[in-house]
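J.: Turn these sequences into a full structure, and let the hints guide you.
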Amino acid sequence: MSESPGSTNQFVGIVLVSHSAAVAASVAELATGLAGGDTTAPVAAAGGTVDGGLGTSAELISAAAASVDRGAGVAVLTDLGSAVLTVKALLAEGDELPDNSRLVDAPFVEGAVAAVVTASTGADLAAVEAAAAEAYTYRKV
Amino acid sequence: MLDAEFFRRWMTATAASVDREAERLTALDSPIGDADHGSNLQRGFTGVVTTLEKEAPDTPGAVLTLAGRRLISTVGGASGPLYGTLLRRTGKALGDAAEVTEEQFADALREGVDAVMALGGAAPGDKTMIDALVPAVDALAESFAAAKTAAEEGAVATTPLQARKGRASYLGERSIGHQDPGATSSSLLIGALVEARDE
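These protein sequence lines map, in sequence, to chains A and B.
Going by my numbering, the first residue of the first sequence is number 1, and it counts up by one from there.
Going by my numbering, the first residue of the second sequence is number 142, and it counts up by one from there.
I should point out that these hints are in silico values taken from the structure, not numbers from a laboratory.
In this text, a Cβ means the ideal position worked out from N, Cα and C, and glycines have one as well.
If a hint is listed, it holds; no wrong ones were tucked in.
Lysine to any residue pairs mimicking SDA-like chemistry, simulated, CA-CA at most 25 Å apart:
hint, chain 1, residue 1, chain 2, residue 2
1, B, K233, B, T187
2, B, K233, B, T200
3, B, K195, B, D160
4, A, K88, B, E252
5, B, K306, A, S20
6, B, K195, A, E59
7, B, K195, B, F147
8, A, K88, B, A176
9, B, K306, A, E93
10, B, K233, A, D99
11, A, K88, A, A66
12, B, K306, A, V109
13, A, K88, B, G188
14, A, K88, B, T187
15, B, K233, A, E93
16, B, K306, A, P107
17, A, K88, B, A203
18, B, K195, A, G94
19, B, K306, B, R251
20, A, K140, B, Y311
From chain B, some residues computed to sit far from chain A (all C-beta separations above 10 Å):
hint, residue
21, Q183
22, R251
23, D255
24, P265
25, E293
26, E314
27, G318
28, A337
T.: Laid out in C-alpha cells, this is it:
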C-alpha cells in the first residue's frame with residue numbers, strides 16, 4: 001500500500017468495540033497479527049461490560065480510546081446494537097473520547113483488519129476509515 | 142414552574158417505578174429481547190439517583206444532563222445511550238435557567254425525543270420506545286396526566302407491531318404479539334412526571 005498523502009508521523013489508533021470481551025480481544029489479535037511487521041498501529045479492545053458480561057461499557061470504550069490516542073485520531077469499530085449507540089452517544093458528548101475520534105462504518109472483523117493494516121502504514125484517519133469501509137464491498141460468493 | 146427539585150423527584154420516581162416493574166420489563170424482554178431490560182434500567186436509574194444526591198446539580202438542565210451522562214456510562218445495553226441521549230438532550234435544551242415552564246419542558250423533551258430518533262434511526266411504528274414517547278410529547282402540552290395516558294396507550298399499541306429496530310427486528314413476524322419493553326419503560330418514565338408533580 002502506498003503512503004497516504006495525508007500521512008503523519010503518528011499512528012492512527014484503533015478501538016474495537018464488541019458485546020463480548022473475547023470477540024474484541026480476538027479480533028484485535030487477528031488484525032494485529034495480519035498487519036505483521038515490526039511496528040503496527042496501536043489497537044485496543046473494548047469488549048463486554050466492566051464486570052465481564054455481554055454488553056457495552058462506555059468506561060471501557062473511553063479508556064481504550066485514550067490508550068491508543070497518539071494525536072493522529074482514533075478510529076472506532078463496533079459490532080452492533082448498543083456498541084454502535086454507545087459510541088455515537090459518547091461522540092455526541094464531546095469530551096468523552098479523544099479529539100478526532102470517529103465511528104467507522106465497517107464490518108467488524110474485515111474492517112478491523114483493513115483498518116489496522118492501513119493505520120500501520122502511517123496512513124491518516126480518513127484513509128483508515130476508507131479502507132475499513134471498503135471492506136463492505138468484498139463479496140465472498 | 143418546574144425547578145431542579147422537581148426534576149430530581151422525576152428521576153427518583155422513575156427509579157422507584159423501574160424498581161417496581163423490573164421483573165415485568167425483563168419478562169417483556171424475554172420473548173423478543175435478551176431479558177435484561179429491567180435489570181439494566183434498574184442499575185441505570187439507581188446510579189442516576191445516587192449521582193444526583195452526590196453532585197446536587199442546581200438547575201433543571203444540569204439535573205437532566207447529568208442523569209443522561211450517568212445512564213450512558215452505567216447501563217451496558219442499548220437503553221443506556223438511548224435514554225441517556227433523551228435526558229441529556231432535553232437537559233441541554235433547557236439551558237441554565239433556574240426554573241422552566243411546562244411549555245419549555247415540553248419543547249425540550251421533544252428535542253430529546255428527536256435526538257433519540259436520530260441516534261437509533263427509529264420512527265413511529267417501529268415497535269420501540271418512540272411509540273410511547275412521541276404521543277407523550279404530543280400530549281404534554283395538555284397535562285402530565287394526559288402524557289402519561291398517551292405513553293401507556295402507545296406502549297400497549299406496540300403489541301401488534303412488527304419490530305423494525307434492534308434485536309427484536311431479527312425475529313421478523315415472530316415479534317408480533319409482544320408489547321415492546323422499551324416503549325413500556327418509556328411509559329414508566331413519563332408516568333413518573335405525574336408522581337413528581339404530586340409529591
